[in-house]
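**Student:** Order-wise, the sequence lines are chains A and R.
Its first residue numbered 46, the first sequence is counted upward by one per residue in this note's numbering.
Its first residue numbered 46, the second sequence is counted upward by one per residue in this note's numbering.
Simulated from the structure, these hints should not be mistaken for lab results.
Treat the hints loosely; a few may be bogus.
As the list makes no split between identical chains, a pair holds if one copy fits it or if it spans any two.
What the hints assert, rightly or not - Computed list of lysine-lysine pairs in DSS-like fashion (alpha-carbon distance at most 27 Å, straight line):
| id | residue 1 | residue 2 |
| --- | --- | --- |
| 1 | Lys167 | Lys217 |
| 2 | Lys217 | Lys166 |
| 3 | Lys217 | Lys164 |
2 protein chains.
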Amino acid sequence: DIVAAIQAALTPADQRLRGRRAIVTSGPTREPLDPVRFLSNQSSGRQGHAIAAALAELGAAVTLVTGPVTLADPPGVDTRHVETAEEMLAACRAALPADIAVCAAAVSDWRAAAPAPGKLKKDADATPPRLELVANPDILATLAGLPADRRPALVVGFAAETDHLLEHARAKLARKGCDWIIANQVGPGTDTFGGPDNTVHLIDAADMESWPTAAKTEIARRLARRIADHLETR
Amino acid sequence: DIVAAIQAALTPADQRLRGRRAIVTSGPTREPLDPVRFLSNQSSGRQGHAIAAALAELGAAVTLVTGPVTLADPPGVDTRHVETAEEMLAACRAALPADIAVCAAAVSDWRAAAPAPGKLKKDADATPPRLELVANPDILATLAGLPADRRPALVVGFAAETDHLLEHARAKLARKGCDWIIANQVGPGTDTFGGPDNTVHLIDAADMESWPTAAKTEIARRLARRIADHLETR
């Protein structure tokens, strides 16, 4: 019928991820200090959302777990909205099993040890509160370290670095136990956080590929195709 | 001519603030911990932006100083974009002299004593960094405390409180030296931060008016009319 014909025409010919399940994290997390204040970061979610969309285009069943962003949910993607790192990890666990995990979210490394139940008052003496931080769960390392029967076959992390990008990315690959790291440069002088373009390097245990600067949507499609290649040749 | 006729038809009849200058602050501030992480809060800027627009509708020349928000700049308003409390104060000072100052921004009370020039690394031992905070400048108290020849005739602050709303608002009025406080309830169970509606109380040294819950745009128009009333009767 007409609807099926239109759908077929709109479906990319490459459906190599059909039957695969993917989890993608995206955006920042927000870690509350009290009911109104939080610790967060500059991540816009543009790269993570584009990756979720690109995996879905290749036929994967994608769960996108996203922190607070101003982006629309990608069409055809099961999108779960969370605030904190702990909520993000719980949503990722709930989305298992999966063949692919791409951790593109900029998860806050730390959270307040004890968020205040009421708004912290500014003291008349202006003595700032002592802000005790504790480490958040490491979502990438957690997914990469799952027992073999639960671990996604391919676990991909991101490294947003302001300096010594490749050295730090390779150390992260080893430390997290993931399969690939997508390393990109952020910070002053780059437009990576929030901008439309990205310059990345794909790093695995053996190799490093430097990709030309491209739109985040194009980086996402290239990554999705590389993931499909990888899963075919395992 | 036709353009003038259309402009006249679109201009509200009430132009009582023509010739008056207003400064409005709006949105959150972001206080960097390093090039990617920051301390911020849930403010959407909806109330502050609506107030800037409402004052402009009554003919005022409005400078809106806003932190990072996802809202469009209001038409007919000179909008300045800032990130930190210190930048916000500098932009307010640069907009002086003014007859009216409405401080609707949710300014971060504290900032990192020494933001890191490079991205803070997560230690292998996962020892969180010690986050030393210092007090930010108090924009409302600064504007309210300007010498008489520089101080706006009417300085209005906001009090976002999770508990003991009126008691805290009155204390804030005295402490800041401002003329009015608009007190509203925020936090769990209210939809004030980011929502379309607001429930406020207008508090001055003598009186307290409780306004019915209304759209933030309507609260803004009511406040603008009250400001025009006040400046006429001084």
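**Student:** Would you mind marking each hint as holding or not holding in the structure?
**Tutor:** Right, here's what the structure says about each hint:
no.	hint	verdict
1	Lys167 x Lys217	between (39 Å within a copy, 11 Å between copies)
2	Lys217 x Lys166	between (39 Å within a copy, 11 Å between copies)
3	Lys217 x Lys164	between (37 Å within a copy, 15 Å between copies)
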